Amino acid sequence: MPFRKPDNEGTRPTDVTETLVARGAAGAMAVAWDADQAVTALYATNYRPLVRLAAMLVRDVATAEEVVQEAFIAMHAGWRRLRDPDKALSYLRQAVVNRSRSVLRHRAVVEKYAPKGLPDAPSAELGAINELERSAVIDALARLPARQREALVLRYYADLSEAEIARAMGISRGAVKSHTARGMAALRNVLEQLS
Amino acid sequence: MTTDPDDKYGEILRRALHAEAARVEPAPDGLERIRAGIEQRSRRRLSRLQGWAPPFWLPGGWSRPLLAVAVTVLVVAVGVSAPQTIERISSAGRHGPAEDSGTPSAAAAGQGAAHLPGQAPHPPGQGHSLPPASADSPVSQTPGVSPSPTCPPAGRPTDEASLRPAPGDPQHTPPQCPQESPSPTAPEPEETTPTPPEEPPSTPSEEPPTPTPTDEPETTEEP
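Top line first, the protein sequences correspond to chains A and B.
For the record, in the first sequence the residue sitting at position 2 is 2 according to the numbering used here, with numbers rising by one throughout.
When you read off a place in the second sequence, starting at 1, and then add 195, the result is the number in the numbering used here.
FYI, nobody ran anything at the bench for these hints, they're computed from the structure.
Treat each hint with caution, since some may be false.
Said to hold, decoys possible - Some chain B residues judged to face chain A by a derived CB distance under 10 Å, without partners named:
{"#": "1", "residue": "LYS203"}
{"#": "2", "residue": "TYR204"}
{"#": "3", "residue": "GLY205"}
{"#": "4", "residue": "ARG209"}
{"#": "5", "residue": "GLU215"}
{"#": "6", "residue": "ARG218"}
{"#": "7", "residue": "LEU226"}
{"#": "8", "residue": "ARG228"}
{"#": "9", "residue": "ARG236"}
{"#": "10", "residue": "SER237"}
{"#": "11", "residue": "ALA263"}
As the structure is a computational prediction, the values presented were derived from the model and not from experiment.
Cβ coordinates follow ideal geometry from the N, Cα and C atoms, glycine included.
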């Protein structure tokens, strides 16, 4: 999992983890990074996972890429204001969640006045069982409220802790629990049929 | 946070999410886009700063500072010239009140002078106040201001005097014109000519009472 927190020992060593551990060990070096170097390094290790995370939220790869790119640009602009450069990944993740939320809000307005099919509606044309399961789950997930979907994606895809989810969503841990429980309850009917 | 392995629903969800995410493959030019966006943003910020700068830095924007300097110079000039003007006003006010007080007094003196020839014989009961008034008439002439004030106000009192003493002295009332007033008083100044050097200081003291007798007779006469 690319979004494993560096403090969590015993987790799978991913690129993000290695990078953040290395940066934590050499904090001065991380601070010495300028914005361009930070963008380059964080892009190499986190761009793809972040795009996938955004794609889970906005259900559109192109839009997800734009969201992540804007997050990188914003991080570059505010790099000097970043108190702790080690939290750059957390900042990026939070920016991705917020921008995905904005995209979904804008899309809801657009779809309200021009109701059309989503550009990348999940397809079950392959006919495989996993594919059916995936499409069914993704469809059910897409019908959830945004907060519940965010909580579930951040937990079951990004594998974040409640505290990290709360920070990324800008809500309390109790609210994270609530959103997660409600989302799982809403998905339960679909998941029961698949299990 | 590690999910419970028994949570089969969670596992199903996790599997589905990863399968969906595995299908997502971002474009390889992401970094170039990010860098282009960063450059564009920096350009936009720079252009925004340049857009704000002209009013303060570019030559075309010197109108505001020039205007401010001009206003400052104007205020300073007014502040510097104000004391002089105030002094002028105050000095004029010092002489002015004397003149102003003199003008009514002179006017009153003029009235008195105008009245004197006509009233000196007319109200004999007030003759005590009138003789000094008669002495004022040459004194009022000595400052040289008296003729000018006597002339305009002389017309007014002459009318009043001409209306009242008219029945008493029909002959004196017409000659109360300013030109003719010296002529009847001419014999009297000859008598008072020795007094002028003594009386000029007394004239200002006597001028104020002069209006009072002129007014008093009116008030006294009315009842």
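Here is how each hint holds up against the structure:
no.: 1; hint: LYS203; result: holds, 6 Å
no.: 2; hint: TYR204; result: holds, 4 Å
no.: 3; hint: GLY205; result: holds, 6 Å
no.: 4; hint: ARG209; result: holds, 4 Å
no.: 5; hint: GLU215; result: holds, 5 Å
no.: 6; hint: ARG218; result: holds, 8 Å
no.: 7; hint: LEU226; result: holds, 5 Å
no.: 8; hint: ARG228; result: holds, 5 Å
no.: 9; hint: ARG236; result: holds, 6 Å
no.: 10; hint: SER237; result: holds, 8 Å
no.: 11; hint: ALA263; result: violated, 35 Å
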